[in-house]
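Enquirer: Read off the chains here:
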Amino acid sequence: MLLIKCPWCGERDETEFSYGGEAAIKRPLKPKDLNDKDWADYLFMRKNTRGLFLEQWNHSVGCRQWFLVERNTVTYEIISTKRMNSDALNSEDSQ
Amino acid sequence: MKKYSAFSLFKNALTNNKNWQASWRDASPKSKYDAIIVGGGGHGLATAYYLAKNHGMKNIAVVEKGWIGGGNTARNTTIVRSNYLCKESSLLYEKSLKLWEGLSQDINFNVMFSQRGVYNLGHTLQDMRDIERRVSANQLNGIDAEVVNAQQIKEAIPLINTSATARYPILGASLQRRAGVARHDAIAWGYARAASELGVDIIQQCEVTGIRKNGSQVTGIETTRGYIESKKVGVVVAGHASVLADMAGIRLPLESHPLQAYVSEPLKPVLDTVIMSNAVHGYVSQSDKGELVIGAGIDSYIGYGQRGSFHTIEHCMQAIIALFPNFSRVRMLRQWGGIVDVSPDACPILSKTPVEGLYLNCGWGTGGFKATPGSGWTFAHTIANNQPHELNAPFSLDRFSTGALIDEHGAAAVAH
Ligand SMILES: Cc1cc2nc3c(=O)[nH]c(=O)nc-3n(C[C@H](O)[C@H](O)[C@H](O)COP(=O)(O)OP(=O)(O)OC[C@H]3O[C@@H](n4cnc5c(N)ncnc54)[C@H](O)[C@@H]3O)c2cc1C
Ligand SMILES: [Zn+2]
Chain A
1 MLLIKCPWCG
11 ERDETEFSYG
21 GEAAIKRPLK
31 PKDLNDKDWA
41 DYLFMRKNTR
51 GLFLEQWNHS
61 VGCRQWFLVE
71 RNTVTYEIIS
81 TKRMNSDALN
91 SEDSQ
Chain B
96 MKKYSAFSLF
106 KNALTNNKNW
116 QASWRDASPK
126 SKYDAIIVGG
136 GGHGLATAYY
146 LAKNHGMKNI
156 AVVEKGWIGG
166 GNTARNTTIV
176 RSNYLCKESS
186 LLYEKSLKLW
196 EGLSQDINFN
206 VMFSQRGVYN
216 LGHTLQDMRD
226 IERRVSANQL
236 NGIDAEVVNA
246 QQIKEAIPLI
256 NTSATARYPI
266 LGASLQRRAG
276 VARHDAIAWG
286 YARAASELGV
296 DIIQQCEVTG
306 IRKNGSQVTG
316 IETTRGYIES
326 KKVGVVVAGH
336 ASVLADMAGI
346 RLPLESHPLQ
356 AYVSEPLKPV
366 LDTVIMSNAV
376 HGYVSQSDKG
386 ELVIGAGIDS
396 YIGYGQRGSF
406 HTIEHCMQAI
416 IALFPNFSRV
426 RMLRQWGGIV
436 DVSPDACPIL
446 SKTPVEGLYL
456 NCGWGTGGFK
466 ATPGSGWTFA
476 HTIANNQPHE
486 LNAPFSLDRF
496 STGALIDEHG
506 AAAVAH
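Protein sequence lines correspond, in order, to chains A and B. Taken in order, the first sequence gives residues 1 to 95; the numbers are from the numbering used here. Taken in order, the second sequence gives residues 96 to 511; the numbers are from the numbering used here.
Source of the hints: derived by calculation from the structure; they are not laboratory data. C-beta: ideal position from N, C-alpha, C; glycine also. All the pointers check out, no bait thrown in.
Listed below are the simulated DSS-like cross-link pairs for lysine-lysine, each with C-alpha atoms no more than 25 Å apart in a straight line: (1) B:K308 x A:K47; (2) A:K47 x B:K447; (3) B:K127 x B:K160; (4) B:K447 x A:K37.
Computed Cβ-Cβ distance ranges for the label pairs, DEER-style: (5) B:K249 x A:R64: 42 to 50 Å; (6) B:S126 x A:L3: 45 to 53 Å; (7) A:W66 x B:W162: 35 to 43 Å.
Model the full structure from these sequences, guided by the hints.
Expert: See the structure below:
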């Protein structure tokens, strides 16, 4: 079981959280301009990274906040957790 | 190659079993092939076999990073059935089931396919309505299926708890009598041996690290044992599909999750069929060695570590004990995990790609063992003819942009 550090509540067991998958997926700003392929990309295509991965978790039976987790998907080691805000998400953009 | 038979067993016993030949050639890579299959699991080996057998292609290699059949093929709980709801999927799985029925003869290898039946339990009125609907759909598609009530279940499986006061009382089930289990390793070894016999090179300890293209045409693969040229490359790597697709610049709608399974200490025969339950979320059968073979759901997060969380194990055990209270005192022997490639509509991708000559076979998620023969059959057709077989045409990568998803999620009996 993972021990996850909620940025609001501290370290708790994995069973208190629910998983939200890949983080920083951008909702299209101009939906009308999108073709079917772009929509498929937004809705379905995922990085599914093997290695260091930025993902979102929800402290669903705790404070119910969404937050970001950087985790190694092979060793499952959690590198860091941080609050979900535009700074955190934009720094992902520049990578 | 010597044919396996009762006579060959007898003859080799006389010489202390010292004269058996190796089942397949452990080949080294040549510089060029007409087709390369990446991934030596059941699906990859079956693809190579049918490419050689049905399409007369001889210059083929299967390239495996570890040892053949060491991935999900060796790690699964071997349930084989075809009672899926949607027409597209039920026809594909039924093609597989038909191939399973003649497979041991066809490849001259005992795959121990045992048609002991599979029960999918219903615990609520809505479950029973869904079961009625699925059984009717199966029958319309020519697939054997029937609805049984709690009393019939109790008669067939005396140990199961059908008490009306159970937390999740059993109201009935769907039963597919032609469904069952098979031997996981045998499917890899049997296809490998049969393919090798037809000239296919099986190359182990050879990891693919890159896919080379010229424009939009695939030209070969980079591996830990050097560059290998080929204008046709079929990628059949289950949980690693996104990693390989990324090498060719293709994005996939997949997420790879850990899925665990468990076996108990061996018991005397107590269960001669397969039980699955969506509501309590677990399934169980008994192996020929007497172990209970148990599985349930995936771990929630993306994971390539071939192991999952303890609470997932606990959840699964609770489910099995709810169905079989007697099993509470059985000790568990081993537990392990595989990496399953889950797609948004719980259906596989068996498809051409935007890269000419590059083909994908993935997305089988938690339930592809049963499909091994049909997957190989249709994927070989796709590679040989550069166009899909009618059975796998609906399972294209395109369906995610056309919107023609095949919604088996929640519609199938349970994940496996
Ligand atoms: C615990 C568990 C229980 C399951 N239970 C059932 C069940 O009851 N019924 C059912 O129908 N299905 C079940 N499944 C699903 C089933 O096991 C899979 O869908 C199926 O076996 C996939 O077969 P495959 O040949 O595609 O994959 P695999 O057997 O995983 O083969 C893929 C191969 O690709 C190789 N590979 C990966 N990357 C590379 C690379 N870069 N270069 C070279 N080779 C590479 C891997 O080493 C591996 O050997 C279960 C799965 C698990 C994990
Ligand atoms: Zn919290």
